[in-house]
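Peer 1: Listed here are the chains, written in short residue letters.
Number of protein chains: 2
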Amino acid sequence: MTPLILVTNDDGVRAPGLAILAQALQAIGQVVIVAPDQDNSAASHSLTMKRPLRVKDLGQDRYSVDGTPTDCVTLALGKILPHKPQLVVSGINPGPNLGDDVSYSGTVSAAVEGTMLGAPSLAVSLAGEEPFCFETAAAFAVTLARTILDKGLPKDTLLNVNVPNRRPEEIHGVRFTRQGRRVYDGAIKETFDPWGRQHYWIGGGTPFWDEGEDTDAQAILAGYVSVTPLHLDLTNHAALRKLGAEWKLSI
Amino acid sequence: MTPLILVTNDDGVRAPGLAILAQALQAIGQVVIVAPDQDNSAASHSLTMKRPLRVKDLGQDRYSVDGTPTDCVTLALGKILPHKPQLVVSGINPGPNLGDDVSYSGTVSAAVEGTMLGAPSLAVSLAGEEPFCFETAAAFAVTLARTILDKGLPKDTLLNVNVPNRRPEEIHGVRFTRQGRRVYDGAIKETFDPWGRQHYWIGGGTPFWDEGEDTDAQAILAGYVSVTPLHLDLTNHAALRKLGAEWKLSI
Chain A
22 MTPLILVTND
32 DGVRAPGLAI
42 LAQALQAIGQ
52 VVIVAPDQDN
62 SAASHSLTMK
72 RPLRVKDLGQ
82 DRYSVDGTPT
92 DCVTLALGKI
102 LPHKPQLVVS
112 GINPGPNLGD
122 DVSYSGTVSA
132 AVEGTMLGAP
142 SLAVSLAGEE
152 PFCFETAAAF
162 AVTLARTILD
172 KGLPKDTLLN
182 VNVPNRRPEE
192 IHGVRFTRQG
202 RRVYDGAIKE
212 TFDPWGRQHY
222 WIGGGTPFWD
232 EGEDTDAQAI
242 LAGYVSVTPL
252 HLDLTNHAAL
262 RKLGAEWKLS
272 I
Chain B
22 MTPLILVTND
32 DGVRAPGLAI
42 LAQALQAIGQ
52 VVIVAPDQDN
62 SAASHSLTMK
72 RPLRVKDLGQ
82 DRYSVDGTPT
92 DCVTLALGKI
102 LPHKPQLVVS
112 GINPGPNLGD
122 DVSYSGTVSA
132 AVEGTMLGAP
142 SLAVSLAGEE
152 PFCFETAAAF
162 AVTLARTILD
172 KGLPKDTLLN
182 VNVPNRRPEE
192 IHGVRFTRQG
202 RRVYDGAIKE
212 TFDPWGRQHY
222 WIGGGTPFWD
232 EGEDTDAQAI
242 LAGYVSVTPL
252 HLDLTNHAAL
262 RKLGAEWKLS
272 I
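In order, the protein sequence lines correspond to chains A and B. Counting from 22, one number per residue, gives the positions in the first sequence under the working numbering. Counting from 22, one number per residue, gives the positions in the second sequence under the working numbering.
The hints are simulated quantities; they were obtained by calculation from the structure and are not laboratory data. Each hint should be verified, as a subset may be incorrect.
Pairs count within a copy or across copies, as identical chains cannot be separated in the list.
As the list claims (entries may be wrong) - With a straight-line Cα cutoff of 16 Å, these simulated EDC-like cross-link-like pairs (lysine to aspartate or glutamate) come out:
#, residue 1, residue 2
1, K71, E156
2, K71, D87
3, K269, D78
4, K172, E267
5, K263, D235
6, K269, D171
7, K77, D231
8, K77, D177
9, K176, D231
10, K71, D214
11, K105, E150
12, K77, D87
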């Protein structure tokens with residue numbers, strides 16, 4: 022049976038990375054696109070619960086939702102698709118999703134939501150700046166999708182994939198990595214509006230990476246594709262054992 | 022030296038749970054409030070990067086920001102506070118933050134951001150429905166805050182605290198727990214607007230909890246306070262070792 026593949030993103034249904042990804046995945050399954058009608062970058066895992074959402078059928082198995090990437094996956098699996106997809110692929114994000122940034126990412130959150138709803142899911146990002154070689158990331162997404170359809174994924178686990186923004190022949194290989202830390206310095210810029218009132222822009226700044234050789238960021242810096250298995254359980258189990266043994270708390 | 026304590030939330034600067042929490046924490050430190058000017062529930066870890074943010078000084082160490090809980094913590098630590106706080110406390114959320122819901126929660130995300138920026142952080146939620154006994158959760162937050170100021174927290178780790186919505190004498194004790202799973206069934210409601218167009222509301226539905234005795238949700242059901250250590254590293258390390266050994270991928 023042809024696998025059903027949901028493709029979504031956080032940049033909106035008209036983003037070029039989405040179209041190239043969907044087209045590439047048509048080689049291995051029936052692709053349905055359900056994506057936000059607008060750019061939702063840095064939407065993180067937000068869910069729209071205070072207003073109703075509208076779904077637009079754009080034809081040719083493409084739908085838009087006036088909400089977040091998480092809304093798209095929720096509505097796709099709950100209402101739009103005929104059955105649970107064999108795979109959810111989110112991307113291709115034009116820019117990296119590495120280290121702490123993963124937590125803000127709408128691209129990754131869509132794959133988190135897919136995983137929560139029981140569908141094997143991956144997020145695909147292109148690590149670099151314009152002009153973007155979306156084709157490189159799309160081709161690797163197909164390779165990885167084939168493997169997942171064949172072998173499955175560990176329980177409650179998604180893959181966060183970052184691909185260097187180069188031609189395939191300029192990439193050194195594929196590394197399985199852990200999520201590193203990324204800390205911004207001076208990431209707030211003060212500005213004034215036309216009436217002299219102070220405002221603050223969040224963004225920019227120089228990122229510091231942690232030094233681990235085995236991190237997502239280091240793989241990209243070394244010219245490798247980074248594949249990081251992330252899981253839904255955020256518990257620090259070592260800390261749980263330690264605090265449970267050492268801290269005596271009462272109400 | 023008196024510790025500096027940042028208090029924030031996702032329900033907005035005028036929420037009663039915030040005021041009761043801030044007042045209680047004044048017993049052990051200098052409290053500064055930086056909170057969203059509006060309700061930001063289910064904002065998750067979103068960061069506002071497409072427009073500048075405005076900070077309003079409301080007097081008496083209270084500030085509002087026209088953004089998300091994550092924006093509030095970023096601006097508080099980057100611009101508003103005189104130095105890094107000894108503690109960030111987010112809450113008190115009127116309603117639980119358990120299991121998978123943690124990932125959508127603005128309350129918890131504020132504590133995640135505090136942790137990313139290097140300040141010991143906790144999120145406090147009241148598990149129940151109106152009327153809310155905020156005082157119970159506030160008193161426990163003070164107990165826990167004292168312990169954290171004394172002992173510190175494990176690296177890159179925050180505490181997600183859920184308190185039963187009862188008087189203290191009706192609570193059986195405190196449990197350290199792991200984050201459980203929560204899966205909704207039928208959480209989408211179809212409606213029509215005045216023009217007959219179909220819309221979808223996300224929300225409601227009956228949650229299924231996983232059966233682990235050691236989870237956050239089970240502690241609450243059993244009448245205990247739940248304290249879950251969450252960490253910033255989302256990597257599934259067991260899956261990383263397994264996939265790294267077994268999957269051969271090339272570009």
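Peer 1: Which of the numbered hints above does this structure break?
Peer 2: 1, 3, 7, 8, 11
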